[in-house]
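A.B. asks: Each chain, written out:
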Amino acid sequence: MNNKLSFPDEIAFGRKEYSWRRDWQVNGWLIFATIISALADIMFPHIVSKWPAHWQAIVVLVQFLAISLWARSLVRWIRGMDELQRRITVSAVLFAVSATFFLIMLWHRLNAAGLFQALFGPGHWNIGTVCHAYLLLTIFYFSSHTFFTRRYQ
Amino acid sequence: MKNRLRELRAAKEWSQSDLADKLGVSRQTINAIETEKYDPSLPLAFKMARLFKQPIEDIFEENGK
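If you read the protein sequences in the order shown, they are chains A and B. For the first sequence, the numbering used here begins at 1 and goes up steadily by one. For the second sequence, the numbering used here begins at 1001 and goes up steadily by one.
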């Protein structure tokens, strides 16, 4: 394979071609946003919610700025692929983003209707955080990438 | 679309990886083209034609012709 090309397996943990350095170059900003979200939305929301509004806004904006920077590094990585790998990866990314958006919207509406509280009891059933989105994106991306790759094998 | 890529590559005694390196694509792409699962873009088809010194229509043939 041409060494100058980007290759999907270089960010697929467990594959022979996997590279920590490359994964960090492509997904570093998303991982950063996920860590901030995990700390602010899941581990310490009781502390963050007591902060002044402008600090809370900064915590949110930092996550979404990091996501914008991640989108830029993702586009650069995809541009470095050959035409078939690019086609497969763009299809997988589009599917993953759409499926994540769809699932979070559906979950949010069902949660607002009180379904999860009725089924599982009182608690926070919100999954509209960057941390949850990261998990869903990862699952949808790798499953759809495997599916789309099989079309061309 | 049918193609003679495998035949032309074999005549030069190149592996799929050799051809991939010469064309600047991945080995998976060469394999997908040879097994007719994927039709290359026009720029890649022209690159192949130049590499094998053959007209594009001698390498690729529309299905059903």
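Since the hints were derived computationally from the structure, they do not count as laboratory data. Errors might be hidden in some of the hints.
Said to hold, decoys possible - Taking lysine-lysine and the BS3-like style, the derived pairs with C-alpha atoms no more than 25 angstroms apart in a straight line are:
1) Lys16(A) x Lys1012(B)
2) Lys1002(B) x Lys1053(B)
3) Lys1053(B) x Lys1037(B)
4) Lys1047(B) x Lys4(A)
5) Lys1012(B) x Lys1053(B)
6) Lys1002(B) x Lys4(A)
What the hints assert, rightly or not - Here are some chain B residues the structure puts well away from chain A; computed CB gaps all over 10 angstroms:
7) Ala1049
8) Glu1061
9) Glu1062
10) Asn1063
For each residue, glycine too, the CB sits at the ideal point set by N, CA and C.
A.B. asks: Now look at each hint and say whether the structure bears it out.
C.D. replies: Hints, one by one, checked against the model:
| no. | hint | in the structure |
| --- | --- | --- |
| 1 | Lys16(A) x Lys1012(B) | 30 angstroms, violated |
| 2 | Lys1002(B) x Lys1053(B) | 18 angstroms, holds |
| 3 | Lys1053(B) x Lys1037(B) | 24 angstroms, holds |
| 4 | Lys1047(B) x Lys4(A) | 18 angstroms, holds |
| 5 | Lys1012(B) x Lys1053(B) | 12 angstroms, holds |
| 6 | Lys1002(B) x Lys4(A) | 29 angstroms, violated |
| 7 | Ala1049 | 16 angstroms, holds |
| 8 | Glu1061 | 20 angstroms, holds |
| 9 | Glu1062 | 20 angstroms, holds |
| 10 | Asn1063 | 17 angstroms, holds |
Hint check: violations occur at hints 1, 6; the rest are consistent with the structure.
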